[in-house]
Amino acid sequence: MFLSWVAARTNTIRIGHGVVCMPFNFNHPVRVAERAAMLDLLSGGRLDLGAGRGGTEQETSLCGVDRDRTTAEVEEALRIIGKAWQEEELEYRGELIDIAPHPILPRPAQTPHPPLFLACSRDETLAQAAELGVGALVMGFAGPESIARLRGVYDAAIAGRDGARFVSTAVNDHFSVLCPTIVLDDAREARRIGVRGQRFFAQSIGHWYGGAGIPDEAVVAGADEPARMRAAAEQVVARLHELDIPVRPTSTATFNADHAYGSADEAIAYVERLAAAGADEIMCLIQMGTVPQEACLETLRQWGEKVIPHFRNA
Numbered sequence: 054m055f056l057s058w059v060a061a062r063t064n065t066i067r068i069g070h071g072v073v074c075m076p077f078n079f080n081h082p083v084r085v086a087e088r089a090a091m092l093d094l095l096s097g098g099r100l101d102l103g104a105g106r107g108g109t110e111q112e113t114s115l116c117g118v119d120r121d122r123t124t125a126e127v128e129e130a131l132r133i134i135g136k137a138w139q140e141e142e143l144e145y146r147g148e149l150i151d152i153a154p155h156p157i158l159p160r161p162a163q164t165p166h167p168p169l170f171l172a173c174s175r176d177e178t179l180a181q182a183a184e185l186g187v188g189a190l191v192m193g194f195a196g197p198e199s200i201a202r203l204r205g206v207y208d209a210a211i212a213g214r215d216g217a218r219f220v221s222t223a224v225n226d227h228f229s230v231l232c233p234t235i236v237l238d239d240a241r242e243a244r245r246i247g248v249r250g251q252r253f254f255a256q257s258i259g260h261w262y263g264g265a266g267i268p269d270e271a272v273v274a275g276a277d278e279p280a281r282m283r284a285a286a287e288q289v290v291a292r293l294h295e296l297d298i299p300v301r302p303t304s305t306a307t308f309n310a311d312h313a314y315g316s317a318d319e320a321i322a323y324v325e326r327l328a329a330a331g332a333d334e335i336m337c338l339i340q341m342g343t344v345p346q347e348a349c350l351e352t353l354r355q356w357g358e359k360v361i362p363h364f365r366n367a
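So for the sequence shown, my numbering puts the first residue at 54; every next one is plus one.
These are computed hints drawn from the structure, not numbers from a lab. On a predicted model such as this, the values are computed, not experimentally measured, just so you know. Every residue, glycine too, gets a C-beta built ideally from N, C-alpha and C. Careful: at least some of the hints might be erroneous.
As the list claims (entries may be wrong) - No more than 20 angstroms apart at the CA atoms, straight line, and that leaves these computed lysine to aspartate or glutamate pairs for DMTMM-like:
no. : residue 1 : residue 2
1   : K359      : E242
2   : K359      : E334
3   : K136      : D208
4   : K359      : D318
5   : K136      : E184
6   : K359      : D238
7   : K136      : D226
8   : K359      : E325
9   : K359      : E347
10  : K359      : E319
11  : K136      : E148
12  : K136      : D151
13  : K359      : E184
Said to hold, decoys possible - Here are the simulated distance ranges between beta carbons:
no. : residue 1 : residue 2 : range
14  : E198      : P156      : 43 to 51 angstroms
15  : E110      : E295      : 15 to 23 angstroms
16  : G98       : T124      : 27 to 35 angstroms
Whenever a hint applies, use it, and build me the whole structure from the sequences.
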């Protein structure tokens, strides 16, 4: 519903729906195809559709999702959606679901259909996205060096695929990267707000995915937020040691505070680093926990008036 409102209020921006949780108990693939096609029509052909499998046990247990089947179900869902959008009548016989012959309406505005993406948090899902012929949506918290490595994994899988697993005739090889960002005229304040919000986000992931404590919501005036971020990362490392779990670079990636926080010029410089690392598209992460609404709105304005025009005119 929100994206329908966005489509009605805009004319040119892409409508990125990332992601729809596609295990069958969350969303039946035919319903996803119908809803997404309607959104594409309402937006005049501006939809990008991302797929994901959901993450936490609390999330999946609510709808009775079998977590061992989620990867396979998402793949079949993408395959069904691609067929539904391209064939006069959909009939599907798969390993996990069968669909009797039916016309699926409406059809999307884009030909043959909106670009498809897959949320990729591991090397295995990057390879899966490449083999399915869909774009990759990747987290960018670890920074440009990590993005360059992930792009290498994706490109290697693209180079080695034979097309047998493509979910559609419309192949999408775009590599889209999450970019945490707060941009204000006061660059120091932007960094303070951004790092504080990211710490809440990182602690929330640890809580819901790893059983860590409740995220800290307190906002302390004048606090050294980068130092508090480092301390929070050290707590994660200490907890992993206590549990005898190996500490990997990904363990503390969400606590890396080097992102597009600051002035518009600093955001431009950071995006240039992401582009050099292989990013085709940027997904801005702005509304993180403790970030005030006025900072979110000002960041959107600065990106729209300064950051995006820089790359459009390059």
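Of all the hints numbered above, which does this structure not satisfy? Sort the numbers upward.
3 and 13
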